[in-house]
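In the order they appear, the protein sequences are chains V and E. Going by the numbering used here, the first sequence wraps up at 156, each residue one higher than the last. Going by the numbering used here, the second sequence wraps up at 1453, each residue one higher than the last.
Please keep in mind that the hints were generated in silico from the structure rather than gathered at the bench. No experiment lies behind these values; they were computed from the predicted model shown. You may find that some hints are simply not true.
With a Cα cut of at most 30 Å, we get these calculated DSS-like pairs of lysine-lysine [claimed, not checked]:
# : chain 1 : residue 1 : chain 2 : residue 2
1 : E       : Lys-1209  : V       : Lys-3
2 : V       : Lys-41    : E       : Lys-1209
3 : E       : Lys-1441  : V       : Lys-69
4 : V       : Lys-15    : E       : Lys-1030
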Amino acid sequence: MTKDQFAVRIEQIRKQLYKTAFLYFGNETTALDLVDETIYKALCSYHKLRQEEFFDTWITRILINECHKEYRRNKRFTSMDQLKEIAAEHFDPLPLKEAIEKLPKELKDIVILRYFSGYTLAETAQILKIPQGTAATRQRKALRLLRLELGEEDAR
Amino acid sequence: MNRIEEYLYLLDELEKPIPKLDTSFDRALKRKKRNTLIYRPLIGMITSFLLFVFLVNFSAPVAHACSQIPFLKELADAVTFSRSLSEAVKHDYIQEINLKQTDDSVTAHIEYLIVDQKQINIFYRLTSDRYHYLYVEPELLSVDTEEKLPCSTYWNNGNEPTENELQQITADFGDNNVPDTIKLQLSIVHYPNMEDETRTSDSNIFDIKNVIAKFHFTITLDPSFTDKGKMIPVDQTLLLDGQKITITDLEIYPTHLRINVSDDPKNTAWLKGLDYRIILDDNETFDPVKNGIAATGSSDSPGMVSFRTESSYFYTAKQLEIQITEALWLKKGMEKAYINLETGKTKDLPLGVALNEITEQEDTKWLSFHVPFIKEGHYHPVFAQTFYDIEGNEYTIEGFGTEGSIDHESSDEKYYIHKLQLSDFDGTEIWLSLNYSHHRKYATPITLKIPIE
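Here chain V stands alone, though its shape is the one from the complex (with noise of 0.2 Å):
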């Protein structure tokens, strides 16, 4: 991949990144810095990209961990052990960003990448490095517990 392709690929899909960037933390200015270090960190190893046909996934995947190191730095997790105590009563009442945002980081990913970034499960499973069951198994209880009835035709 020549520089030149890389800019093209990533203006295709710097709006899809921000989207998710901006659902993890409800704030622009935050998801613009997050975008800012994926792209940065795509632009110094895009050079080892050796399928280019995996390159959303790739670069998806790169601002992923850096919505999670940003999440350690503040140390706002819910983890999927805290998510046992808390029941879909508590998310009913937040508007539906908020909500997305109290997920425990594990359901957030698929909920933002299948629905608001346009991925399919098996994408999503790809990028989260997870097995396709257990990415379907979290997106069930994620669209529970949001209350949200979206089925497969309604991912965008």
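Place chain E on chain V using the hints.
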């Protein structure tokens, strides 16, 4: 609004244009260019006539006092990274120079000096209608013999003349005094590949180098500046981590303050660094030099013998207190770390440092290490400039670099990436010279009070 309606509304909201997003790729390109520039020129930045070890810090600028005189505001802006130099400008401790020369559409203008008994800071400007990125290679020469003066020189690089900003060169004379007159030779270097915005790789930007102009300026230093310095005897011994370190004396100059130390031959480790602050009369605090020479060693041993802080020269006080919060050590007998370039096996790397990867491009190998921050936001030198092969032959590391910060997945500590460049080396095993093996933070600072009336 039900959840589905919220979902659709959120999807629409996310479609709104974000103007700053359009330039995200440009920002990444500029940042990569800045980080790439640090590799090769960094080695060229420090030339030393004296055979002793340096510890040089370069970190982000911190705003300090600004000159009250309007036409010096640009000089004040140029020195915001240094409290000592900012105080010098504030107190009009400045020698104005107005020397200008032009060669091949490049003009060099020497404008100001901040000088004391041990250090010369030269402020100059480069302008050009023809070239965009210009680098300088300065040398200070004797007026009489044209030989290099006994000093260490460092400077920022990568001038963009269209920005027309004041740039700085610092010449530090160590234990010697600055002379009355100097000859400043400025070689102006241009890398034509750097101007090629269509390039697909940065790996060759330094391959072609042209010296497009050379200037010689004879500069006479005002003697009212060059005899400034105060010596304060101390001769007190501290016990740090079981090691005896004696603070022998302080030297206070307008450009910096030196804390001179000696160590006990029975110590089991060399002192390689200190984190500390100086407090005057329980009031003003002065930090170690953040941009420039932070410490010096000697040719006799790996240990550091002098540490530098921002200067208290322009303050009056009765007492000075040194508060030591951390020490960096190199254990005797553990001065080198082993790396197998084929297998990646390592031995005796400093605590927390790990080899990340070894990559190769043509005849150059890049070694990349995860290094834990000792102090947040500050890169510290892990390795010295030399390495050895299995037969003990000495080589020089061609380039160093640091890159951003990463979080180590299994720890809350922050790490950054430190890279070494080895060129034209065929061996499979190397021994890298270490700057330190371990460090210790003190929960309660170790303090020393020194009367300075």
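Do the hints match the structure? See the list:
For the given pair, E/Lys-1209 sits about 24 Å from V/Lys-3 by alpha-carbon distance, which is consistent with the 30 Å threshold. Restraint check for V/Lys-41 and E/Lys-1209: the C-alpha separation of about 28 Å stays at or below 30 Å, so the hint holds. Between E/Lys-1441 and V/Lys-69 the alpha-carbon distance is near 26 Å, which keeps this suggested pair within the 30 Å criterion. A distance of roughly 20 Å separates the Cα atoms of V/Lys-15 and E/Lys-1030; the hinted pair therefore holds under the 30 Å criterion.
Checked against the numbered hints given earlier, this structure breaks none of them.
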